[in-house]
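Kindly generate the complete structure, drawing on both the sequences and the hints.
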Amino acid sequence: MKMKLKPVIFIFVVFFCLWAWIPSAFSNGIKWHSYKDGVTRGKYEQKNVFLNFYADWCGFCKKMDKETFKDPAVIAFLNENFISVKVNSEKERKIAREYYVTGLPVSWFIAKNGEKISSLPGYVSPGALMNILKYIQTDSYKDMTFKDFLKTM
Numbered sequence: 211m212k213m214k215l216k217p218v219i220f221i222f223v224v225f226f227c228l229w230a231w232i233p234s235a236f237s238n239g240i241k242w243h244s245y246k247d248g249v250t251r252g253k254y255e256q257k258n259v260f261l262n263f264y265a266d267w268c269g270f271c272k273k274m275d276k277e278t279f280k281d282p283a284v285i286a287f288l289n290e291n292f293i294s295v296k297v298n299s300e301k302e303r304k305i306a307r308e309y310y311v312t313g314l315p316v317s318w319f320i321a322k323n324g325e326k327i328s329s330l331p332g333y334v335s336p337g338a339l340m341n342i343l344k345y346i347q348t349d350s351y352k353d354m355t356f357k358d359f360l361k362t363m
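Residues in the sequence shown are numbered consecutively from 211, following my numbering.
Everything labelled a hint here was simulated from the structure, so no lab data went into it. All C-beta atoms in this analysis are idealised placements derived from N, C-alpha and C, irrespective of residue type, glycine included. Hints are supplied without guarantee of correctness; some may be wrong.
[To be verified] Simulated DEER-style distance windows between Cβ atoms:
no., residue 1, residue 2, range
1, 298, 336, 18 to 24 Å
2, 360, 250, 31 to 37 Å
3, 357, 244, 30 to 36 Å
4, 289, 356, 19 to 25 Å
5, 247, 336, 23 to 29 Å
6, 338, 255, 21 to 27 Å
7, 266, 331, 16 to 22 Å
8, 325, 355, 16 to 22 Å
[To be verified] Think about it this way: if two alpha-carbon atoms lie no more than 30 Å apart in a straight line, the pair counts; the simulated DSS-like pairs of lysine-lysine are:
no., residue 1, residue 2
9, 361, 273
10, 276, 257
11, 326, 280
12, 296, 326
13, 301, 276
14, 276, 246
15, 301, 357
16, 352, 304
17, 257, 241
18, 296, 276
19, 301, 273
20, 322, 344
21, 276, 344
22, 357, 253
23, 301, 352
24, 322, 357
25, 246, 361
26, 357, 296
Right under this line is the structure:
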């Protein structure tokens, strides 16, 4: 009986060690930065910035937090390819005015050089956001419409 139990215990220990030590791109969620830090990092690391405006009272903001920003594919893609910034529009009114925030949620994409690319108003599902992130990340927005980009996927 003891001989049969040792391989099972060994396999369990190996599995547990691998599970505990293998890093995951989405284990801790999206790496959110402050506005100033995120924009600076974007220029320094030559990455586009994903900027999300929210408020504590906003129902669709909470829905994006629970659904879209918890999606493993979204987390991994944002952490790998973008600098992600989250701004409370009620506490950071000056920044919200700079981006013409009049409704929530709203997201903005900022180019590697710091220029505004485009805004994305409203709730966005994980699948839809993934398509938009790929469109921005590949610089396809510079020479084709989003509709044409979707045809290439």
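Hints, verified against the model:
About 22 Å separates the C-beta atoms of residue 298 and residue 336, a value consistent with the hinted range of 18 to 24 Å. For the pair residue 360 and residue 250, the beta carbons lie near 33 Å from each other, so the given range of 31 to 37 Å is met. Between residue 357 and residue 244 the beta carbon distance is about 34 Å. The supplied range of 30 to 36 Å therefore holds. A hinted range of 19 to 25 Å for the beta carbons of residue 289 and residue 356 is consistent with their spacing of about 23 Å.
About 25 Å separates the C-beta atoms of residue 247 and residue 336, a value consistent with the hinted range of 23 to 29 Å. Checking the proposed 21 to 27 Å range against residue 338 and residue 255 shows it holds: the Cβ atoms sit about 26 Å from each other. A beta carbon spacing of about 19 Å between residue 266 and residue 331 agrees with the range 16 to 22 Å that was offered as a hint. For residue 325 and residue 355, the Cβ-Cβ distance of about 19 Å falls inside the hinted range of 16 to 22 Å, so the restraint holds.
About 28 Å separates the Cα atoms of residue 361 and residue 273, which keeps this hinted pair within 30 Å; it holds. Under the criterion of a C-alpha separation no larger than 30 Å, the hint pairing residue 276 with residue 257 is consistent with the structure, at around 25 Å. Between residue 326 and residue 280 the CA atoms are separated by roughly 26 Å; this keeps the pair inside 30 Å, and the hint holds. A C-alpha spacing of about 16 Å is found between residue 296 and residue 326, which places the hinted pair at or below 30 Å, so the restraint holds.
Distance check on the hinted pair: residue 301 and residue 276 sit about 21 Å apart at the alpha-carbon level, within 30 Å; holds. The hinted pair formed by residue 276 and residue 246 meets the criterion: a straight-line CA distance of about 25 Å does not exceed 30 Å. At most 30 Å may separate the alpha-carbon atoms for a hinted pair to count; residue 301 and residue 357 exceed this at roughly 35 Å. Of the supplied pair hints, the one linking residue 352 and residue 304 holds, its CA atoms being roughly 29 Å apart against a limit of 30 Å.
Taking the CA atoms of residue 257 and residue 241, the gap is about 14 Å. The hint holds against a cut of 30 Å. Straight-line distance between C-alpha atoms of residue 296 and residue 276 comes to about 15 Å, which keeps the hinted pair within the 30 Å bound. For a cut-off of 30 Å, the pair hint linking residue 301 to residue 273 stands: about 20 Å separates their Cα positions. Our distance criterion of 30 Å between C-alpha atoms is met by residue 322 and residue 344, whose separation comes to about 15 Å.
As the CA atoms of residue 276 and residue 344 are separated by approximately 21 Å, the hinted pair is consistent with the 30 Å bound. With a CA separation close to 28 Å, the supplied pair residue 357 and residue 253 stays within the 30 Å bound. For the hint linking residue 301 to residue 352, the alpha-carbon distance of about 33 Å lies beyond 30 Å, and the restraint is violated. Proposed proximity of residue 322 and residue 357 is supported: the alpha carbons are some 23 Å apart, at most 30 Å.
Pair hint residue 246 plus residue 361 does not hold up; C-alpha atoms about 36 Å apart against a cutoff of 30 Å. Taking the CA atoms of residue 357 and residue 296, the gap is near 27 Å; set against the 30 Å cutoff, the hint holds.
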